[in-house]
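Here is what each chain is made of, one letter per residue.
Protein chains: 2
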Amino acid sequence: MKVGFAGLGAMGAPMATNLHRAGLLQAVWNRTAARSQALAAQLEVRAAASLADLAHDADAVVLCVAADADVLAVVDELAPALHPGALVIDCSTVSAATAHAAAATLATRQVDFLDAPVSGGIEGAERGTLAIMVGGSEQAFERAQPILQAMGKTISHFGATGSGQATKATNQIMCAGIIRAVAEAMAFAKAHELPLDKVVATLGQGAGSSWYFVNRAPNMIRNHYPAGFRVRLHAKDLAICRAMAAQHGVELPVVEAMLQEYGELIARGHGDEDISTAYRLKAELFERQPD
Amino acid sequence: MKVGFAGLGAMGAPMATNLHRAGLLQAVWNRTAARSQALAAQLEVRAAASLADLAHDADAVVLCVAADADVLAVVDELAPALHPGALVIDCSTVSAATAHAAAATLATRQVDFLDAPVSGGIEGAERGTLAIMVGGSEQAFERAQPILQAMGKTISHFGATGSGQATKATNQIMCAGIIRAVAEAMAFAKAHELPLDKVVATLGQGAGSSWYFVNRAPNMIRNHYPAGFRVRLHAKDLAICRAMAAQHGVELPVVEAMLQEYGELIARGHGDEDISTAYRLKAELFERQPD
Chain A
567 MKVGFAGLGA MGAPMATNLH RAGLLQAVWN RTAARSQALA AQLEVRAAAS LADLAHDADA
627 VVLCVAADAD VLAVVDELAP ALHPGALVID CSTVSAATAH AAAATLATRQ VDFLDAPVSG
687 GIEGAERGTL AIMVGGSEQA FERAQPILQA MGKTISHFGA TGSGQATKAT NQIMCAGIIR
747 AVAEAMAFAK AHELPLDKVV ATLGQGAGSS WYFVNRAPNM IRNHYPAGFR VRLHAKDLAI
807 CRAMAAQHGV ELPVVEAMLQ EYGELIARGH GDEDISTAYR LKAELFERQP D
Chain B
567 MKVGFAGLGA MGAPMATNLH RAGLLQAVWN RTAARSQALA AQLEVRAAAS LADLAHDADA
627 VVLCVAADAD VLAVVDELAP ALHPGALVID CSTVSAATAH AAAATLATRQ VDFLDAPVSG
687 GIEGAERGTL AIMVGGSEQA FERAQPILQA MGKTISHFGA TGSGQATKAT NQIMCAGIIR
747 AVAEAMAFAK AHELPLDKVV ATLGQGAGSS WYFVNRAPNM IRNHYPAGFR VRLHAKDLAI
807 CRAMAAQHGV ELPVVEAMLQ EYGELIARGH GDEDISTAYR LKAELFERQP D
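Top to bottom, those sequences are chains A and B. Residues are numbered in our numbering as their position in the first sequence, beginning at 1, plus a constant of 566. Residues are numbered in our numbering as their position in the second sequence, beginning at 1, plus a constant of 566.
Calculated directly from the structure, the hints in this document are not laboratory data. Note that the coordinates shown come from a computational prediction; the quantities given were computed from them, not determined experimentally. Among the hints, a few may not be true.
Since copy identity is lost for identical chains, a pair holds within one copy or between any two.
Unchecked claim - Mimicking DSSO-like on lysine-lysine, the simulated pairs with C-alpha atoms at most 27 Å apart in a straight line are:
(1) Lys-719 to Lys-802
(2) Lys-719 to Lys-756
(3) Lys-802 to Lys-764
(4) Lys-719 to Lys-764
(5) Lys-568 to Lys-719
(6) Lys-802 to Lys-756
(7) Lys-568 to Lys-802
(8) Lys-568 to Lys-764
(9) Lys-756 to Lys-568
Chain A on its own, in the form it takes in the complex (with noise of 0.2 Å):
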């Protein structure tokens, strides 16, 4: 299976590096075409000097891109050069009516599509170790087994196109509201003057705990935030969350008041902090009123 990948950003750079291990990688292509030209030279692949190109001879394209927009073009760049049984894996983390459209477009080439969506960050990018959470055909899941195993080891199919972006966007939900309650009894704790390692070390034992306190609570003990998950990734996966919601009409408050936190962060500068930087805004509340 002769494998393209289009989008060689912090996440897309090492899973076309995993294919490559995996002896599928054919070509990459990047909208900056010197990233493009020197993976392919590091790697010894193709740079693809344009989407067609890259598509042209593939059996499988995978894109790892930033937004619903890229997804799009790639896709109508994408499908007139593909051939027909080829199919389009999208890792990028976009909105399930993207994921819808994308299919759409490519159904007209008979080319088919897997959403895709991964989590796990960089370092499960580099280790091959993503959670990856897919959408689309079981006849399609199955012929992407290889691709998928060679740049993940969780990977789950939810069922029809889409359903892996809305997984995915469940799980940005509970992140959201996870590390808004995590930095708001944190700077409580705090504010009560409790031994913060002996707290996080107790309670993380308990009913009250989350991934977040075990793992992101001492980030805010040494009020210290290395990324991490990104404010400003989070706050455009939450955009999202925002978005298909909408289509059914409903707000999700959880969603709106962290887009709102997450707005103040970024405007102070802090958009590129792990997101348990939230704890900066609930910490100050107490400071701001001394008792």
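Once you've looked at the hints, dock chain B against the given chain A.
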């Protein structure tokens, strides 16, 4: 060490029973005398006629009552009858301010006080596996060890008087934000027709996971909310968190939002369900607006 126990509710009765098993329980008291008489007969210990009667020959008294006013009233009645050097351990969940007031009253009689709220529910109380979060002097904490170890498993000292209650409040804030986020995320997932069991199994292993997601999202899937942690009791605890934050001039947005939702749930008759019933309100939003 001769121990009296005051407050034989759903938590207090099994906690007193564990003190009896450890050979420490001398007498019991309850506001409704029938309950103390029944437990006293069962355990073959003394049913104290009054709090003064419970106190007069006790080395230590353990309290487990409902609210701040109850703790203060009980301590006021115990104090004159306790002998100097006795110890009062309050396992109720109340505010740090109540702990300070109780400690001050007892200090006038040279009686030590520990605030020692618990978590782990009725099951933990019965099995003697409660987590106990303790505030008070190091010396009183050491003296209390045989009593605390008879009732709990993870016993941690967080500092001076009130720090046990502050730690418990920290935990209750996290529970609020997490269950709210899980409810919003699960309603979103259902609206997108995802296979919910698979969503829980997969996301439960990732960074968006939490104890509540893994253990209570299944309630949401079945739309059945056996207690559990009752809405009514968590609402009571959150009101304590609100009052404690207000002493710093701070409002806790996560707590305020959850108190509002709990008010709605209680008004609709769901106050004795597990807090995962918060899902009802979220699912309803999506159901009202079919896409």
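Evaluation of the provided hints:
{"no.": "1", "hint": "Lys-719 to Lys-802", "result": "within (25 Å within a copy, 43 Å between copies)"}
{"no.": "2", "hint": "Lys-719 to Lys-756", "result": "between (38 Å within a copy, 25 Å between copies)"}
{"no.": "3", "hint": "Lys-802 to Lys-764", "result": "between (34 Å within a copy, 25 Å between copies)"}
{"no.": "4", "hint": "Lys-719 to Lys-764", "result": "between (33 Å within a copy, 16 Å between copies)"}
{"no.": "5", "hint": "Lys-568 to Lys-719", "result": "within (21 Å within a copy, 58 Å between copies)"}
{"no.": "6", "hint": "Lys-802 to Lys-756", "result": "between (30 Å within a copy, 22 Å between copies)"}
{"no.": "7", "hint": "Lys-568 to Lys-802", "result": "neither (32 Å within a copy, 61 Å between copies)"}
{"no.": "8", "hint": "Lys-568 to Lys-764", "result": "neither (53 Å within a copy, 31 Å between copies)"}
{"no.": "9", "hint": "Lys-756 to Lys-568", "result": "neither (55 Å within a copy, 37 Å between copies)"}
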